[in-house]
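Peer 1: Letter by letter, the chains look like this.
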Amino acid sequence: MGFWACCDNCAMSTAPMQNPPKPQSLTDLFVSFTLLALQGFGGVLAVVQRELVEKKRWMTREEFIDDWAVAQIMPGPNVVNLSLMIGARSFGLKGALAALAGMLTVPLVIVLLLALVYAQFAGHPGVAGALRGMGAVAAGLIAATGLKLFGALLKNVLGLRLCIGLGIACFVAIALFRWPLAYVLLGLGGLACSMAYQKLKP
Amino acid sequence: MNEPIHLVFGLQDWFSLFFHYLTLSLLSIGGAITTAPDMHRFLVDQQHWLTDEQFNASIAIAQAAPGPNVLFVALLGWNVGLNAGGMLTGLLGVFLSLLGILIPSTVLTYAAAQWGHRNRGMRAVRAFKQGMAPIVVALLIATGWILASANGSALKDWPVWLLTGMTAVVVWKTRLHLLWLLSAGALLGWYGLV
Chain H
1 MGFWACCDNC AMSTAPMQNP PKPQSLTDLF VSFTLLALQG FGGVLAVVQR
51 ELVEKKRWMT REEFIDDWAV AQIMPGPNVV NLSLMIGARS FGLKGALAAL
101 AGMLTVPLVI VLLLALVYAQ FAGHPGVAGA LRGMGAVAAG LIAATGLKLF
151 GALLKNVLGL RLCIGLGIAC FVAIALFRWP LAYVLLGLGG LACSMAYQKL
201 KP
Chain V
203 MNEPIHLVFG LQDWFSLFFH YLTLSLLSIG GAITTAPDMH RFLVDQQHWL
253 TDEQFNASIA IAQAAPGPNV LFVALLGWNV GLNAGGMLTG LLGVFLSLLG
303 ILIPSTVLTY AAAQWGHRNR GMRAVRAFKQ GMAPIVVALL IATGWILASA
353 NGSALKDWPV WLLTGMTAVV VWKTRLHLLW LLSAGALLGW YGLV
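These protein sequence lines are chains H and V, in that order.
Count the first sequence with the numbering used here and you get residues 1 to 202, in order.
Count the second sequence with the numbering used here and you get residues 203 to 396, in order.
With the rest of the complex left out, here is chain H (with noise of 0.2 Å):
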C-alpha cells in the first residue's frame, strides 16, 4: 500500500509491475464500484480513470484506454459498459456483473429518494424554478461533451470538412427535424462508416 502510496499522483504508470494489483474478490468489486460511482456527480468518467488506473492501479494507462475506446464504439452506457469490462478482466462474468450491480444499486435507490424528495415540493415555484435552472445546466454539460469530443475529429480519416458536415446534417435531423434516431443512425452512420471505409483502403 505504501509504496503506491508515495505516487497517487503520478498520471502515468512507470513503475514495473511484478504483481499487478487485482480486486481481492467479487466484494471488493462491488463496493469499489458502488464508491466510484457515488463520487461521480454528473459523470462517473473522470472518477474511474483517477481511482483505477492511478490509485488502486487495476489497470494500466494504456489498458484503459483500449477499454474506453470499446466501451464508447458499442452500444449502452459508457460508463457502465467500461465497468462491465474492469470486472471482466478479473473474474470472467462475475466480475462484470458484480462491477455493474456496484455501478447501479446504490445510486438507484438515492436517485429514487431525490424523486420522492422532489415529488414533495415540486409544488413549490422555487423547486420547480430549480429544477429548470438545473435542466439548462444540465442541456450545456451535454453539449460541452460532444464539444469537448469535437478534437477527436481533428485526427479522423474522413477530414474535419466531412465530418462537420456530417455533422450538422445529424444535428438538423435530430435537433430540428426531430426525426427517430434509428433511421438517423442507419442512414447517416452507414453513410459514414462505408466513406471512412473507402478512405481507409489498405
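These are calculated hints, taken from the structure and not from any lab test.
Everything numeric in this text was worked out from a predicted model, so none of it was measured.
One or more hints might be untrue.
Straight-line Cα separation of at most 20 Å, SDA-like style, residue types lysine to any residue; simulated pairs [to be verified]: (1) V:LYS331 - H:GLY159; (2) H:LYS55 - H:LYS94; (3) H:LYS148 - V:GLY367; (4) H:LYS94 - V:TYR312; (5) H:LYS94 - V:VAL309; (6) V:LYS331 - H:GLU63; (7) V:LYS331 - H:GLN198; (8) H:LYS201 - V:VAL309; (9) V:LYS331 - H:LEU200; (10) H:LYS201 - V:ASN321; (11) H:LYS22 - H:LEU97; (12) H:LYS148 - V:ILE348; (13) H:LYS94 - H:VAL31; (14) H:LYS148 - V:GLY323; (15) V:LYS375 - V:ASP359; (16) V:LYS331 - H:ALA152; (17) H:LYS148 - V:ARG377; (18) H:LYS155 - V:LEU380; (19) V:LYS331 - H:PRO202; (20) H:LYS148 - V:ASN321; (21) V:LYS331 - H:LYS94; (22) V:LYS331 - H:ILE168; (23) H:LYS201 - V:MET324; (24) H:LYS155 - V:GLY367; (25) V:LYS331 - H:LEU154; (26) V:LYS331 - H:LEU162; (27) H:LYS94 - V:GLN316; (28) V:LYS331 - H:TYR118; (29) H:LYS155 - H:ALA173; (30) H:LYS155 - V:ARG325; (31) V:LYS358 - V:ASN321; (32) H:LYS201 - V:GLY323.
Add chain V to chain H, keeping to what the hints say.
Peer 2: The following block gives chain V in isolation, referenced to the frame of chain H:
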C-alpha cells in the same frame, strides 16, 4: 405548465415500454443520453405518457445525483409508472426501463469487448470507429439543444438559453466541478431568474 397525466396501463403498454427501451439500447452508441431525443419523441410526443416537465425533471435529478447518468432512464420509467398508478407501478416502470436499456447493450458489449481487442487493426472496425465519431459528437450537441428547447423556445426564454450556452462553454473550457454549476442553476431558477 402541462396538466398532470393519469394513465390506464395494460400489459401491452408495459410491453411496449420495455420493447422500446430494448431497441433504444442497441442504438445508444455514445451513451444512453444520445437516445434521450428519441425517448422524448416516444414518451412525450407520441404516447403522451409523460409531461415535458416530468421528462426534464427526470434528467435534471439524475444529473444532480451521484452515479452514472443512465439512471435518468430509471426515473423516466418511475414517472411513467407513477402516472399509471402509484409506487408499485412506479417500481415496475423503473425495473422495465432499466433492464430494457441495459440488457441488450451489456450482453453485446461483453461479447464484443474481447473480439474488439483482438481485431483493433481490422479495417471494418477502424471504419466503424472513424465513421461514427462525427455522428456521436453531433448527437451529444443535439441532445443539449433539445433539452434546452424543452425549457422554452420563445424569445422571452433567452435567460435559459444563455445559462445553457454559458454552462456548455464553462464545462468545455474549464475543469470547474459540475456541482457548482448545478447549484448555480438551481439558485438562479429558485429566484426565478431563468
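Peer 1: Sort out whether H:ILE168 lies within 20 Å of V:LYS331, counting only the CA atoms.
Peer 2: Given pair V:LYS331, H:ILE168 holds - Cα atoms ~19 Å apart, limit 20 Å.
Peer 1: Is the hinted pair V:LYS331 and H:LEU154 satisfied, with a Cα-Cα distance of at most 20 Å?
Peer 2: Holds. V:LYS331 to H:LEU154 sits at ~14 Å (cutoff 20 Å).
Peer 1: Starting from V:LYS331, check that the Cα of H:TYR118 is at most 20 Å away, please.
Peer 2: violated (40 Å)
Peer 1: Check the hint pairing V:LYS331 with H:GLY159 against an upper bound of 20 Å on the C-alpha distance.
Peer 2: OK: V:LYS331 and H:GLY159 at ~14 Å, within 20 Å.
Peer 1: Does H:ALA152 sit within 20 Å of V:LYS331, going by the straight-line distance between their CA atoms?
Peer 2: holds (11 Å)
Peer 1: Taking 20 Å as the top limit, are the C-alpha atoms of H:LYS94 and V:GLN316 close enough?
Peer 2: holds (16 Å)
Peer 1: For the pair we were handed, V:LYS375 and V:ASP359, check the Cα-Cα distance against 20 Å.
Peer 2: Violated, at about 25 Å.
Peer 1: Run the distance test for V:LYS331 versus H:LYS94: straight-line Cα separation, threshold 20 Å.
Peer 2: Distance ~29 Å between V:LYS331 and H:LYS94 Cα, so the pair is violated.
Peer 1: Within 20 Å, alpha carbon to alpha carbon, are H:LYS22 and H:LEU97?
Peer 2: Roughly 17 Å between the alpha carbons, so the hint for H:LYS22 and H:LEU97 holds.
Peer 1: Within a Cα-Cα threshold of 20 Å, do V:LYS331 and H:GLN198 meet the stated pairing?
Peer 2: holds (13 Å)
Peer 1: Taken at face value, is the distance from the CA of V:ARG377 to the CA of H:LYS148 at most 20 Å?
Peer 2: holds (12 Å)
Peer 1: Can you confirm whether the C-alpha distance between V:LYS331 and H:LEU200 stays at or below 20 Å?
Peer 2: Holds, at roughly 12 Å.
Checked against the numbered hints listed earlier, the structure breaks hints 2, 8, 14, 15, 18, 20, 21, 24, 28, 29 and 31; every other hint is satisfied.
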